[in-house]
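S.K.: The residues making up each chain are set out below.
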Amino acid sequence: MAIRERLSGNEAVAYAIKQINPDVMPAFPITPSTEIPQYVANYIANGELDTEFIPVESEHSAMSATLGASAAGARALTATSSCGMALMWEELYVAASDRLPIALALVNRALTGPININADHSDSMGARDSGWIQIYAESNQEVYDNFLQAYPIAENKDVMLPIMICQDGFITSHGVENILLVEDELVKDFVGEYEPEHYLLHPTEKMAVGPYAVSNYYMETKRAQREAMLQAKRVILEVAEKFEKMTGRKYGFFEEYRMEDAEYAIVIIGSAAGTCKAAIDEIRNTTGKKVGLLKIRVFRPFPEEEIAKALSHVKAVAIMDRSEMFAGTGGPLGAEVRAALYQAKAQAEVVNYFYGLGGRDITVKDFMQVYDNLEKIATTHEVSGMYEYIGLRER
Amino acid sequence: MIQDRINEKSPWQDITEGNKIFEAATSREFCTGEWRTSTPVFHEEKCKQCLLCVPVCPDSSIPVQDCKRGEFDYDHCKGCGICAKVCPFDAISMREGK
Numbered sequence: 001m002a003i004r005e006r007l008s009g010n011e012a013v014a015y016a017i018k019q020i021n022p023d024v025m026p027a028f029p030i031t032p033s034t035e036i037p038q039y040v041a042n043y044i045a046n047g048e049l050d051t052e053f054i055p056v057e058s059e060h061s062a063m064s065a066t067l068g069a070s071a072a073g074a075r076a077l078t079a080t081s082s083c084g085m086a087l088m089w090e091e092l093y094v095a096a097s098d099r100l101p102i103a104l105a106l107v108n109r110a111l112t113g114p115i116n117i118n119a120d121h122s123d124s125m126g127a128r129d130s131g132w133i134q135i136y137a138e139s140n141q142e143v144y145d146n147f148l149q150a151y152p153i154a155e156n157k158d159v160m161l162p163i164m165i166c167q168d169g170f171i172t173s174h175g176v177e178n179i180l181l182v183e184d185e186l187v188k189d190f191v192g193e194y195e196p197e198h199y200l201l202h203p204t205e206k207m208a209v210g211p212y213a214v215s216n217y218y219m220e221t222k223r224a225q226r227e228a229m230l231q232a233k234r235v236i237l238e239v240a241e242k243f244e245k246m247t248g249r250k251y252g253f254f255e256e257y258r259m260e261d262a263e264y265a266i267v268i269i270g271s272a273a274g275t276c277k278a279a280i281d282e283i284r285n286t287t288g289k290k291v292g293l294l295k296i297r298v299f300r301p302f303p304e305e306e307i308a309k310a311l312s313h314v315k316a317v318a319i320m321d322r323s324e325m326f327a328g329t330g331g332p333l334g335a336e337v338r339a340a341l342y343q344a345k346a347q348a349e350v351v352n353y354f355y356g357l358g359g360r361d362i363t364v365k366d367f368m369q370v371y372d373n374l375e376k377i378a379t380t381h382e383v384s385g386m387y388e389y390i391g392l393r394e395r
Numbered sequence: 001m002i003q004d005r006i007n008e009k010s011p012w013q014d015i016t017e018g019n020k021i022f023e024a025a026t027s028r029e030f031c032t033g034e035w036r037t038s039t040p041v042f043h044e045e046k047c048k049q050c051l052l053c054v055p056v057c058p059d060s061s062i063p064v065q066d067c068k069r070g071e072f073d074y075d076h077c078k079g080c081g082i083c084a085k086v087c088p089f090d091a092i093s094m095r096e097g098k
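These protein sequence lines map, in sequence, to chains U and Y.
Going by the numbering used here, the first residue of the first sequence is number 1, and it counts up by one from there.
Going by the numbering used here, the first residue of the second sequence is number 1, and it counts up by one from there.
One or more hints might be untrue.
What the hints assert, rightly or not - Here are the simulated lysine to aspartate or glutamate pairs, DMTMM-like style, with alpha carbons at most 25 Å apart:
no.	chain 1	residue 1	chain 2	residue 2
1	U	K206	Y	D14
2	Y	K20	U	D129
3	U	K290	U	E263
4	U	K157	Y	D14
5	Y	K98	Y	D14
6	U	K233	Y	E17
7	Y	K9	U	E349
8	U	K250	U	E177
9	U	K157	U	E205
10	U	K277	U	E305
11	U	K222	Y	D73
12	Y	K20	U	E227
13	U	K289	U	E241
14	U	K376	U	D366
15	U	K277	U	E336
16	U	K289	U	E244
17	Y	K20	U	D158
18	U	K206	Y	E17
19	U	K222	Y	E45
20	U	K157	Y	E29
21	U	K289	U	D366
22	Y	K46	Y	D14
23	U	K222	Y	E29
24	U	K376	U	E349
25	Y	K20	U	E197
26	Y	K20	U	E205
Hints listed in this document are in silico derivations from the structure and should not be mistaken for laboratory results.
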């Protein structure tokens, strides 16, 4: 029987770490992810966990030490947010190109500047090209479940890529929710032991990691990385299926909420999906209008074909971005979903919204307004531009 | 040799995962001497075998056998000229080009 608890998102991730008992965790505190290494350090101090915790002097060192530990053959991880991740930038790319299955507990927070500590996806979206698998969560339950699935995905022989398990700063990281925890023994069996094929501390095999790749090798290396990312699509679904067998909770590349007959759809990542679901229920109950939601769970590898297929029957789509990229095309999710729809020759009208930047609140009413706009656009076929804003003060 | 297995003609499918190398001392196979734009020339008749040039070479490109230095390892000498500068007997001169 699952264990009923009430935990914050940070506590849930720390608890997952305790259950997995990884070998090495170098970490440096930063709001709002500080609690994760703090709880882990507590577990270790209390003798409940024998992970080697390395208190480093910066995030650059945190990810460097994580890389070193992973290359040596250890199951390694770290946690961070925002500028902490920005300071890891160089090592993020190295972790991916060295094919080290590191886990990163990322608590999404706006990148400075202006300095801001609240929920925003600019940190992980900025790292979307780094070669990491990225999995996002709506709730504390999801971030816990995603973390349990992290190593089985990353360490799969066909994948061997680093993975970041993302959750929204404060909204889920500090919000306490009811949660179902998996029993320790089941987690142990599910995650298994890490037995790398090659590692630096191997007693007999000679090995070098991270050699210089001149232009004669760089492009082939990148193509091989892409292959691992393509393989990750299959593995993510296999791991989700195994997870469902254990817990009954179903996961995929995305969640479709009331999409089966939807004419108007929103595509979104993260905690705001819950607010959107409330708007959907309200609209369907009061007006009967066919509105639905596609909540992205896996952003890297990006499931472009599956998304286009899931949206193939809708009349209008609103793609919601919680990070700025200053492109004429709008936000990152907007640009990628639009590209997927174009390639699939989709007929739906598309509008891209910026919302919730730097922790700006988004309400049920806001989502209802988006659905109103979608209905209007589907009738008039007039979209005002590549992107719009929700909740922005304007003259 | 590792270059028999993975080389500049290898398709991406044959590149090892993360470019990991499963051999030691493979840097010997990488001829960094190709970068040289200026070349040290050894004048054996002037050499007193003091061996001052050997430890200052950043690329370990002056081989020593039986307490005597031999000809430069031009596969790895990058032509920095430190050896020529340190030689008290003008037994090393620098020539333009490879």
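S.K.: Could you run down the list of hints and mark each one as holding or not?
M.R.: Verification of the supplied hints:
no.: 1; hint: U/K206 / Y/D14; result: holds (19 Å)
no.: 2; hint: Y/K20 / U/D129; result: holds (22 Å)
no.: 3; hint: U/K290 / U/E263; result: holds (5 Å)
no.: 4; hint: U/K157 / Y/D14; result: holds (16 Å)
no.: 5; hint: Y/K98 / Y/D14; result: violated (33 Å)
no.: 6; hint: U/K233 / Y/E17; result: holds (18 Å)
no.: 7; hint: Y/K9 / U/E349; result: violated (47 Å)
no.: 8; hint: U/K250 / U/E177; result: holds (19 Å)
no.: 9; hint: U/K157 / U/E205; result: holds (18 Å)
no.: 10; hint: U/K277 / U/E305; result: holds (24 Å)
no.: 11; hint: U/K222 / Y/D73; result: violated (34 Å)
no.: 12; hint: Y/K20 / U/E227; result: holds (17 Å)
no.: 13; hint: U/K289 / U/E241; result: violated (33 Å)
no.: 14; hint: U/K376 / U/D366; result: holds (15 Å)
no.: 15; hint: U/K277 / U/E336; result: holds (23 Å)
no.: 16; hint: U/K289 / U/E244; result: violated (32 Å)
no.: 17; hint: Y/K20 / U/D158; result: holds (15 Å)
no.: 18; hint: U/K206 / Y/E17; result: holds (15 Å)
no.: 19; hint: U/K222 / Y/E45; result: violated (52 Å)
no.: 20; hint: U/K157 / Y/E29; result: violated (30 Å)
no.: 21; hint: U/K289 / U/D366; result: holds (16 Å)
no.: 22; hint: Y/K46 / Y/D14; result: violated (51 Å)
no.: 23; hint: U/K222 / Y/E29; result: holds (23 Å)
no.: 24; hint: U/K376 / U/E349; result: holds (10 Å)
no.: 25; hint: Y/K20 / U/E197; result: holds (12 Å)
no.: 26; hint: Y/K20 / U/E205; result: holds (12 Å)
Hint violations for this structure: numbers 5, 7, 11, 13, 16, 19, 20 and 22, all remaining hints satisfied.
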